[in-house]
Structure formats: C-alpha cells, structure tokens
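Protein chains in written order, with our numbering: chain Z, 1 to 401; chain U, 402 to 825; chain X, 826 to 1004.
Calculated from the structure, these hints are not laboratory results.
The C-beta atom is built at its ideal place from N, Cα and C for all residues, glycine as well.
Check each hint, because a few of them may be wrong.
What the hints assert, rightly or not - Looking from chain Z toward chain X, a few residues come up when the C-beta cut is under 8 Å (computed): (1) G227; (2) V238; (3) W240; (4) H245; (5) R326.
Given next are the chains, with one letter for each unit.
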Amino acid sequence: MQPESVSATQIEYDVQTEQMLLSMGPQHPSTHGVLRLALRTDGEVVLAAMPHIGYLHRCAEKIGEKLTVRQFVPYTDRLDYLAAMNMNLGWALTVEKLLGIEVSEKTMHLRVLVCELDRIASHLVGTCALGLDLGSFTPFMWCFREREKILNLFEALCGARMLYNYVVPGGVMAEPPRGWLEQCRQFLDQFQPVIEDLHVVLTTNDVFIRRTAGIGVLSPQTAISYGCTGPVLRATGVCWDLRRHGEPIYTRMYDDYQFHIAAQTDGRYPQHGRQPPVPGSAVLGDSWHRFYVRLLEIGESAAVVRQAIDKYSRLKGAPSGPIPMRTKLPQAAAYLETEAPKGQLGFLIIGDGSAVPWRVRIRSPSFCNLSAVEEMCRGCLLADVPAIVGSLDIVLGEIDR
Amino acid sequence: MADHLANWFHPSLDWLAYTIAGAAGAALLLVVALMVAAVSMWLERKISARIQDRLGPTRVGGRYGWLQPLADGLKVLGKEDIIPAQADKLLFRAAPYLAYAAAFCTYMVLPFSGRWVALPLDSAVFMFLAVASLEVPAIILAGYASGSKYSLFGAMREAAQVVSYEIPLALCVVIPVMLAGTLSLSEIAEQQRGWLTSWLVFRNPFVCGAFFVFGICALAHTNRAPFDLPEAESELVAGFMTEYSGFRWVVFFMAEYAAMFAICGLGAILFLGGWNGPIPLTDLLGLRYDAGPLAGWLGDALGAINFIFKCFLGITCMIWMRWTLPRLRIDQVMSLCLKYCIPLATLMLAGCMLWQYAMPGGVVHTVGNAGHSHSPVAECTQHRPHAQRRLSNPLSGPGAPENSSLRQQPRLLLEATSVLLRGN
Amino acid sequence: MPMPANEPALLDMLKEQFAAAIQEADLSATDPWIQVAAEHLPAVAAFVRDHPQWRMEMLNCITGVDYWRDETTTANVDWQPHIELLYHLSSLARRSRLMLKVVLPRWKEGQVGQLPEVPTVSHIWRTAEWHEREVFDLVGVQFVGHPDLRRILCAEDWVGHPLRKDYQPPAEYRGIPIA
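Only chain Z is shown next, with the shape it has when bound in the complex (with noise of 0.2 Å):
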C-alpha cells in the first residue's frame, strides 16, 4: 500500500479481515418493514451494501387495472400507511386531473389539513424512528404519543385510524365532525412544547449529533440523479417543494398559505434563529440534515393547519363529496407528482374508456430514496447503516407495493 495514497479513513481501518456477508433483514428491528440489505463487511466496516426489496409487494398496480378509480382508493391508503392521506391525495388530485374536475375551495382547505395534519404524523415517526435506530428510545415513545393524538383527531374525522379512504376523487368523504376544528386547534396549541423536547434530546445531543453528522452524505447532483425528493432532497440543500413548485392542480391547493420550504439555501435554514443551529460537525446533505428538515417541515405544517383551520371555518357551505364510484375514464393519460411526506409520490393513469384504468403506475419516493442507499452506506461502519436507512424514512408498503 503507498503510504501518500491513502486517505484518513483508509489508514484507520487499514487492518484488513475476511470480508463477511451479512444479511440485515428482512427481520430486523431496524430496517423499517422487511428491508434486507445484504452488506458486504470487513470486521464492521461495510465495504457494500445491497438493498433487496419486494418481501411486501402486493401488486397494488395490477389491483388498480382491476377496480374502478373509487374503489382503488383504499388501495392507496396501504401504499404508505403512515401517511395515508397523502396518498389519497395524489390519487385522488391525479383522477381528477384526468377527468377534469375541480373541487370546490373549502374542500381544498380541508384536504390541505387533513393532508398537512398527517405530514406532521408521518414527519414524527420519520424523526423518531432515527432515534430509535440509534438507539434513543424516549423520543420514539413521545412521538408516538402525539401522533396517537393525531390519529384520535382522524378517527373521530373518519372512523380510520391509519387507513382512511377519506381523500377521494371529486371530494372528501365526510364533513368534520361539529367541534373537530377546535380539537384541531387544541392539539397544535399543546403541540410545539413537544418539538422543543425533541431538539433537546435528539437534535442539539452530542451524541445523536456525532451518530449523524457527517454519515450519509448525498451531495445534490446525487440525490437528483438517483431522483431523491421530499426531506432527502432538500437536506441536500435544494429547495424544492412540489407544493411549490408542482402542477397548478396541486400548487393552487397552496397558493393562499403562507410557510417556508424546509431547505438550507446560502447557508442557512429560513427558520434561521428560531430553532437550534446546526452543528459544525454536520454536512449539508448528512443524516442530520435530513433529520432537522423533517423536525423543521413538523413546524411548518403545523403553521400550515393553523392557516387552514381559519380558512376553512371561513368558508361556507359543506365540502365536495366523491365522484360516482363507476365514472368512465376517457381514453387518455394522466401524471401528476405530489408533495408526500416521504418525496414526490406520482400516479399515472391511462383511461381506455372505461370506469377501470387500463394502466396504473405509481411512482414510489421511498423507492427512489432508498436506491440512493447503496451509495450512501459504500465504507461506513455497520452501525452507520441504521442511522442512514432511518434517515431516508423509508416505509416499504410503498417500495414494495
């Protein structure tokens, strides 16, 4: 070995052993579902990793060429399951494209809660799962309580509390129960101490910090080119939000509400000041990033519901309802990309003309994501891999579908 050619972390882990095969998953507490990543390894030194995935596919797009636009709603919820609405939301918004039809404005406002109300939910198992991962535990459990909250606040909306089938082509299903805005607003009142907790024990600790800083790190070209979106993309410093800088059909959801973009632009966060500063040791890009993003969007969207529950009471009359379960489609393609939690979750559907699609694609953001692992994990130690796969917030229902 030429001493001048190797680099500081070659000359710390110059001692080479027998590579070891070592499969992680598809039962593992930490792979998020039944991820198996199959790892190379040199003593604990991953040299590569392997994502293999498919242990959860369920055929959800040749389901959709078999059931009408309504009835593959449900089928969506299963997609992610931790962010439900979202995903009603993209299938919902794409079917409607498709067809022409707009929804009334108050109907867009309480998508837009509901919708944002379940980013919150999705963003709080996201950013505690990495804790988890690393072994933190109390973050996970606090979490998890306030996302209880949230679903209690769907279950009383819709009667599901993961699945919700609520979001549907041409409305929602259900007008909100009376009083459900001001639980609503209740539980964003109790809800920002809770965040503040989660810079203490996860975001500003030295120990979460040296776990994530500098692991993972997904420069912007790469993310692109492996087609990362959502958290992951803007960690890297990107700002780019598809309620932003989406299809009108989705943007003008957006339009009148005002919030940041959760991406660290000449070298600072808009929320600059107002949350805790990102530590030196932490690269644009890392495990970190992509967990402040998260724990930033939690606040953003919080804003969001706020701003929505004003709107929305403002409003009279009831929102729209669904579609007529056997609509026909017209002979004709449509695309649409929304802002999941996750990433960009896209849907195509190709019309033949009659009520059931001829072809239904769905494009995954976990899926993307986590093509990017095999990159990201290329010479990191084996306790790294827990710390970047949960930092991607991978949820397999929607990788594998």
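Following the hints, complete the assembly by docking chains U and X onto the known chain Z.
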C-alpha cells in the same frame, strides 16, 4: 460464620463445617442477587415508563406492579428453548451460566455492611476486578457458540469494549486503594466512617474526578447504554443474545443486572462511604458490637440498608442514562476510552498522589490532626491492624503479593517524589 | 409555477439534432411528450438532460404499458398491440416537465417469449437503474446495457411478467399453491 460453625463440629469435620457455611452463604447471596435483579428490572420498567410519559407496570402485584418481574420471569420460562442447529451445543448452554457466575461471584467479596461480607478478603478489590472481567469470555463464548454473525459481532464488540475499559476502571479503583492503603473493601469502607466529608469522593477534587470517570467506565463495563453496543438492537438485533431464548436469555439478563449492582456497590464502597451514611447514625446511636450483639446487628442492618440504597441510586442513574442517550458507535466508544478516560484517570491518579503529598490525610484531617501525621505513608501503615490480621487467611494467599506490591507502589512513588522535592 | 417545455423552437432544435429519432411530439399538451425511436433513446436522453434549454436533471419514473388486445379483450380500444415505455422527466432548474415515449413491439421480432429490447438510460439517470429493473420484472422489457438487470419485486425465479395483460399466474410457486 465458618469459624463459628467449625466450633460446633469435631475438628476432623472441619471440611464439612466449611462446606455447609459456604453453601449457606452462597444461597443467601444468590437470594440477594436474584432480588436485586428483580428490583432492578422493576425499577428499569417503572423509571423508563415515567421518562417516556407512560405508566409502566400497574397490574401485577398491586398498583405499582411490584410483581411484574416475577410475571415476566414466569412468562419467559414458558418460552420455547431454542438451540440453533449451527450452534456449538455445549458452549451455547454453558455461556449464560458462566456470565451469571462471573457477575455473581463478585458478591462474594462485596461487603454489605461491617460484618456482612461472605469472604472478607484482604485483596477484595483485586479479586472483584479479576472475577468481574470473567464475563467477557462468557459473552465471547455465547457469541461464538451461537453460530450467528450478529452474535459474533456482539461478542467481538464486547471483547474490545470491556477489555479496553478495564484499564481506566482499574486506574480509578487504584485511587481509593491508594488513599486507604488497603485492597480490602471492608477496610476501605471502614475508613470512611463518620460524616459525609469523610467519604473518599470528597477527599480531594481528583478523587471526585476519578469517581466521574469510574461512573463512565462502570457503564461501559456493564454494557449499559450509551455503551450497549454488544447488544445494540438496531444494528445487531440483540448482539450476543440474538439466538438465546427462554431461561438462558433470562440468565443473561439477570447477569447484566447483577453486574450493575455489583459495580455500583464497588463504586459505593470505594467512593461513597460504603455502608456509612452521610450522618454516622450507627455511631451516634451506639449501634456497635461493643454495645452488645443486637446493637451490632442493628448497626450492620442499618449499614446494609445504606449500602443497598446507594447501589440502587447508582442503578437508577444508569437507567436514567440509558433512556436518555442514543448509543455511541464502536469507534467512538473506543476513542472515548483511549483518548479521554485513560488520560483522565491517569491524571487523577497522579494528581491524587501529589495532593496526598501536599495534604497528608486529606484537607479535613490535616487541619484536625496537624501535628499528628507526618507523612501519608505513616498514616497508611499505622491504620490497619484489622487488615494485617487477615493476611493469615489462606484464601487471600494468591492475592497477597500483588496486594503488598500495590500498597508499596504509592509509597515508593511518594517517597521518591518527596526526596526529589526536598532535594536530599 | 411549472412551465411545460412548450416552445416550438425547442422541438425544432431536437428534430434538427436527431432527425429520424423524433417520431412524434406534442409539447403543448398538459403533459408534454416526445416519442423517440428506441435505438436513439440514450442520445436524446443525454441531450435533454444536459442541454441548457432542457436541463431535465431528474428522471421521475419509468412506466411500461402493455397495449394488448385479442379476441377476448372487452375494452373498447382501437390500438395495435405494442408496449410503450414512458419516461417522466422534470427539470428543477427550469421547473418544467417532459415525457419521453418509446414504442416497442410486444415481443422481439414477433417471437413470443423474446423480450423487446431498448437501450438503458441508467448511466444517464441513476434512478433508471431500479426503475428499469422493475419494468423488466413486471412488464418484460430487456434493457440493453443495464449493469444489473435482475428482478426486483418478484422472486428471482419467478416466471412471466405480471403486468403484461396476457399474463397467467402460475398455479403454484415452489410447491406453494397460488390462489
């Protein structure tokens, strides 16, 4: 106890007397160790629940779920006992018991109170450290014998971590030993009799620092978070325990709690006055053996309560840490040991020596007995008729040479320093 | 606001560059699209990714669609059987979208069982690596030049391509009956 028993037997049956006494002592200690494990488990569940804004066990055994550990134990006993086909059956079976034995044997020399100690060894500290580190081979055995890669990873981490942390741990232990001038745990605790200020941790700032380092090393030594890498569940599933189930798993689990209690006990004796409370109640109330056996017994009982309370205080801190901090990475664990703990411990040791030289007998004592002691060495050697007597104990034989040489070391160093400083 | 890349000049430029490769196009549709000849796909893809007036840095999705019909088809469709590959691209810099369309025969040279072939774009966008594997797995398209073309969602020894419209699920898989 054995000597009392031997009086009742014919001299030719001495061996029987000693065996019976040994068995009785071991049984008693085992009960203590099991109780400790059960209480620690309950504490862990309850404290973690409170930290996480939950209630924890509330049903089994009344409102506070006192009997939850028992229920857990019964449940786990009902689990299927699986030995993987790849495993080395004999070693796989033996490993948990070896681990438990290592943790449990330390109780042998752990004085719960003045006279409540199973084996009052002169080299108790040495024996404690030697036996406690026997847990490493047991865990390596478990990892190797399981025939699973995760177990092997856990075992290798355990080996790297515990062996490394033994160095700063031993360095921290040497400091009270040096101050007390003895390796006998009973004797070290006895010297801290009196008010709170006589506890070694308050002797000088270096001991206080050493106690801090000791706390970190104790966490690492018992594989508690943030040093729980050998069983890091998010990376290694359960590390060396991955393939264990049912009773054998419980044994590992109890070994962990037993070791926690033991290391907290060591810390309590070396730094926190052992069984001596902050207020010398036993002295104030006259609960000593010279006031009669009952008074002496009561004094011992009070001391044991004190000691156990201190141990559980330590365990509570460990539980608190575990449910607060994320886990470190193996390289961070090692660098913490090599870059911070060892230099700090060495510094504390050196500082302590110099302090002892500057203020023989400690600040308080120096002020109080100014004209009395000329050098710390003199004080050390004067002070231990008790320990001298025990040297005749055959069981302390192998420990004795190390014992005396260890005792010599600070003395030699100090004398050398004093010669240098005085310039003659 | 997203602006579809609908300036006719862009299309002319593309046609100039790849005369025969651009088969059809509609840049004024809601989802602007260009149909590209299969063999020229990588060249066009690299061009639209790198050209400053396109800058399609991101490949969002690859979809394979099986347009199939035979006597049993109930749908009232008028297409000839073929397979379409849809490449949804987007430009973050220009906030525009584009769809590349490639039309393939259902079977290579009309021989049933021979997968149609298309050159890979996985060296242009890394996203394509997994998406092409998925299309290969579920729709049955051979991506020539792909570094690691394996099944991704179905089991490695699975037979057939489930999203083909004439796919018949096997009766059993490794002795496990499939209902």
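Which of the numbered hints above does this structure break? 5
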